[in-house]
Amino acid sequence: MTITNEPGAQVAVPTDLVNVTIDGVEMQVPKGTLVIRAAELIGIEIPRFCDHPLLDPVAACRACLIEVDGMPKPQPACAQMVAEGMNVHTQHSSQVAAEAQAGVMEFLLVNHPLDCPVCDKGGECPLQNQAMSVGRPETRFTEEKRTFPKPINVSAQILLDRERCVSCARCTRFAEQIAGDPMIELLERGAQQQVGTADDEPFDSYFSGNTIQICPVGALTSADYRFRSRPFDLVSVPTTCEHCASGCSLRTDYRRGVVTRRLAWDDPEVNEEWNCDKGRFAFRYQSHGRINAPLVRENGELRVASWPEALATAAGIFEAARGNAGVLVGGRSTVEDAYAYSVMARAVLATDDIDFRVRAMSDEEAGFLAAVVAGSPVTTTYGSLENAPLVLLVDIEPEDESPIVFLRLRKAARGGTRVVTVASHLTTGSEKMNAELVACAPGDEVRALTELSADIRTALAVPGAVIMVGERAAAVPGAFTAVADLAKSTGAALVWVPRRAGERSALDAGALAGLLPGGRPLTDATAREEVARIWGISADRLPQPGRSGRALLENAARGDYAALLIGGVEVDDLRDADLLRAALESETSVVAISTHHNEVTAAADVVFPSGVVTEKSGTFLDWEGRPRPFGQVFHEALTTSDAGVISAIAEVMDATVEGSVTGIRGQIGALGPWRGARTTRTAVAAQPAAAGVRLATWRQLLDLGLMQSDEPHLAATARPTVARMSAATAAANGITEIATLTGPAGAISLPVEITEMVPDVVWVPMNSEGSRIYRDLGLGFGDVVQISAGGRP
Amino acid sequence: MTLTPVITEHWNDPTLYTLDGYRSHGGYRALATALKSDPDAVIATVKDSGLRGRGGAGFPTGLKWSFVPQNDGKPHYLVVNADESEPGACKDIPIMMANPHALVEGVIITSFAIRANHAFIYIRGEVPNAIRKVAFAVEQARAAGLIGKNILGSGFDLEIVVHSGAGAYICGEETALLDSLEGYRGQPRLKPPFPAVAGLYASPTVINNVETIANIPYIIDRGVDWFRQFGTEKSPGFKVFAVSGHVNRPGIYEAPLGITMRELLEYAGGMRGGVDVKFWLPGGSSVPMLTAEHLDIPMTYEDMAAAGTMLGTGTPMVFDSTVSVVKAVTRWLEFYKHESCGKCTPCREGTYWITGVLEKFEHGHGSQEEVETLTHLCNQIAGRSFCALGDAAATPYPAALKYFRDEFDAATHTPVDETFDPRASYVFAEAAAR
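Here the protein sequences come in this chain order: L and Y. Quick note on the numbering used here: the first sequence kicks off at 1 and runs consecutively. Quick note on the numbering used here: the second sequence kicks off at 1 and runs consecutively.
Bound-form chain L, shown alone (with noise of 0.2 angstroms):
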């Protein structure tokens, strides 16, 4: 269980220290520590079903009943603080206190059904462990157990076995406590109490797996693994999770080659003991749709290939290439992958184009993630959200976009943070944060910064006050710098929370143009010289400053490169797809290395596959900053990873690029951290707001994201599909139920939602059924667009 702890804050030595004695250990523990966590300090564990150390207590269950001198009666030490000289006894000093919770455990396994050998559970289930401990070898009840119908379902995902809950509210209590999202509640009373929802209101939460995992039975269970495996059937490999930059710690658990599921691991730094649906239910990906073998073209066709033909065929693309290729890396790879295409780049194809951005991006973007973000130390963390005074949110929405930050933004905002977002409306989202909205459409983030009331400027003034930025800030020209200007201007923490995992790890890595690893500048003689010593070049044949972004696709989309090296890109994920799509379709040569076949592949002259997480080790780096390493799962992989790939490509090029993890991680320890002076921002204005109504639009946390295909429990609890708007602005477009947003590329119709928002902007899903913004619309977010009423959605 947790013990929350921040090693990177300043460790605060307690003061005020009580003393108490469990079972005859005389202690001293801070005031207010529960029994129950100080008889684990000295290894006296307490049985306990309903206590969970990041919930309240509720002392519902009993099991945790000991003796404390002086009370009259047992006490239950999940809610009994410590007290000056309290003398405790437990089970193993105390005959009340055994007999009571033996007692407790008999009343437990009344009504539960002894079903653990088809129970999910059974094998890792704690009250099954404490029956055997504490429980009586034969039952003296011999009456009719209570029954329920088996099993409902709370959600499309989340199914309830109702006889065997035992009462405990762990899931109620994080669903209402932890989420924010009190969608299941205790229902009925006495032995007929279940946990159920409204009629017609599933526990759709984007959190409600978490419930399973702490079910100390097996009540409740997923759509997804049910009656799948046992536990000691598994096998266990701590992992990092490769869905977004929250950087969650997890346990993959595997039988026979195939992951059966993913569970959140305990890390109190980031991610608790919690993880999203997403990161925990969406992994089959890893398994459908992939690449086994290399490919090459051949009379136009692609045809599996041996390794050395591919490798040979890809090496003779880039010899030719040589100070002619555009590198474009991805926003998932690893720090280890992502640094191996920055040395291909760089040391063997000559060349400085290179990019990982695969969404809406910009130079302005670029230039501050080189100044501000790339390479610094890990300073602002997830604990320091939890004591920030303030946290100001600009276009970014955590509980879609990075759902451990949202829990320990709201973990934070119930402990007294206040957090302020800069929106085009209150997302539910937001309200579970009590946050307070700075109405602002789109592309209006620089005035709205400029214009922040003095009552904000002055919170974000006090040390440990926190800027978060989105990468949608990408859209808005101007942000960026408004963002920085603001931050330097209060002194304010300032951090910029990429949505995909890998999107840290390139930058850091140097996968973008300019930038080399550690964030150290391209142009910078020093840093030139570190790096080309650890690569084993000289330093002159590093290439001078290339093109990224838009640049570097509009020079591909001319066919202007030689050969292009593509890793996991998805073309429709770009604001600016055409662009790619012409370079696909250009003479320019392809290599691709990717997990899945895709419109890149597709084009590709030559394929490599590449691992998935489970196939690879590596490492992630989370918003923070800090590394997230993770270890193979399967080690028999026929894949390698993507730095593997590289590093093959470019020893028959008679190079050399280090290719295996630990090598990477070596040359990265080796470089250490950048001390020489970083690139400068350039200051970008804003742009004035253009007439019209503005798109406002993010992914949601589930979607069409290609990770989370083959899911259909996962994605029947996504939301629906609406477009948003005010009232006003529905009424002033004579829309009632029904809208349709037109742009450049087409047409889309959702039904409406109208929500309390600025004005002349409507809001939808980017990339959710029914509204796929790039590539439907042919819009972005900030952009105008056309809205009418009516149309079939």
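Honestly, the hints are just simulated from the structure, not real lab data. Where a beta carbon is used, it is the ideal one built from N, C-alpha and C, also for glycine. Honestly, I wouldn't trust all of these hints.
Stated by the list, open to error - So the derived list for chain L, only partly shown, Cβ under 8 angstroms to chain Y, looks like this:
1. Ala-98
2. Ala-100
3. Arg-230
4. Pro-231
Unchecked claim - Here are the computed lysine-lysine pairs in the DSSO-like style, where the Cα-Cα straight-line distance is at most 30 angstroms:
5. L:Lys-432 to Y:Lys-191
6. L:Lys-432 to Y:Lys-74
7. L:Lys-31 to Y:Lys-360
Unchecked claim - Computed Cβ-Cβ distance ranges for the label pairs, DEER-style:
8. Y:Arg-142 to L:Thr-736: 43 to 49 angstroms
9. Y:Gly-167 to L:Gly-257: 55 to 61 angstroms
10. L:Ala-83 to Y:Phe-59: 20 to 26 angstroms
11. Y:Leu-190 to L:Ala-747: 28 to 34 angstroms
12. Y:Gly-148 to L:Gly-692: 26 to 32 angstroms
13. Y:Asn-71 to L:Gly-692: 24 to 30 angstroms
Dock chain Y against the given chain L, drawing on the hints supplied.
Chain Y alone, transformed into the frame defined by chain L:
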């Protein structure tokens, strides 16, 4: 000992429930007195009177009021617990039906004392007549300026809300009542914090029983000495005893604390058909039963405790020898099983289990082993449940076993209906026979 009708004194006046009727007997005189004095003086008076809570636990009322922190900047609340649902208890509902203004006046005085500007009367949902009477009394009092802004020119403001519960026994538990009042499911809250510090809407709250509050106007009006002339040192005052069961005249008898059950039985016209008392309970099903040996023990908090039981709600249930104790205990446990809120394991599962076993005994299918098991189960609930409901559920069986073990032994082979003809115990048996 003679009866001392105070709250019940004018119950034969059919207009007592109206403001005029109540006033004609001196009603609202105490309010004027109280408002002219100081809130602390009112608290002191109630403290000095020694009035103890009439809801069952007998906690000193003035002391409870004094726990409310003063000048804490938070609103204070008075909540009247009118969720009378204890099996056998029928005293608060008659008080609200016959003399609702005594309650309302008590509420105003108490609110003044504890500096509450908002009071709630939480009435059991199944008694719409009582709810209507109290709501009517509150309306009349408001119309007369006794509730609202600047009451009687004192500068004291008070709003009273009459709230109807939904009929859960657990909502008589004070913190479950607060949750219910706030709109949540009625389940007891973790204490501390206690309601006096963080009760309704996390603000200091006093929760008192109807009868307790109805005592207040009389204490203020007639004084501490008058009040203390009744009862004993530790149980001063009088009590509305509601006698039910196999007596000739079941009903309400207001008498000084310290009266004996034998005396109350006389007032109640003696036992029906002259049949002997078999067992009786001083105050609801949640207190251990006594037998005919105990009829001469004074009905005070302390004497009842010394006899191994409690005064409880002070509503004696009397059973004659036609009644099977096994059957009576089974019915009570069925009640607790039905009313257990489900929050804690011992009460939720224990009442379920015990009831199942008792029902076997009722049908003659019990066993000696289960006689002991039931004792264990009760011990596994008592003192280990979340709230007093569990303790109450663990009460009937051990006491019954103590005095009537032979009946449980018999129930291991003979259905109780064969040993005790159920028709003989019906209160309407004579009518049925005719």
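Item checked: Ascending list of hint numbers which this structure does not respect -> 1, 3, 4, 7, 11, 12, 13
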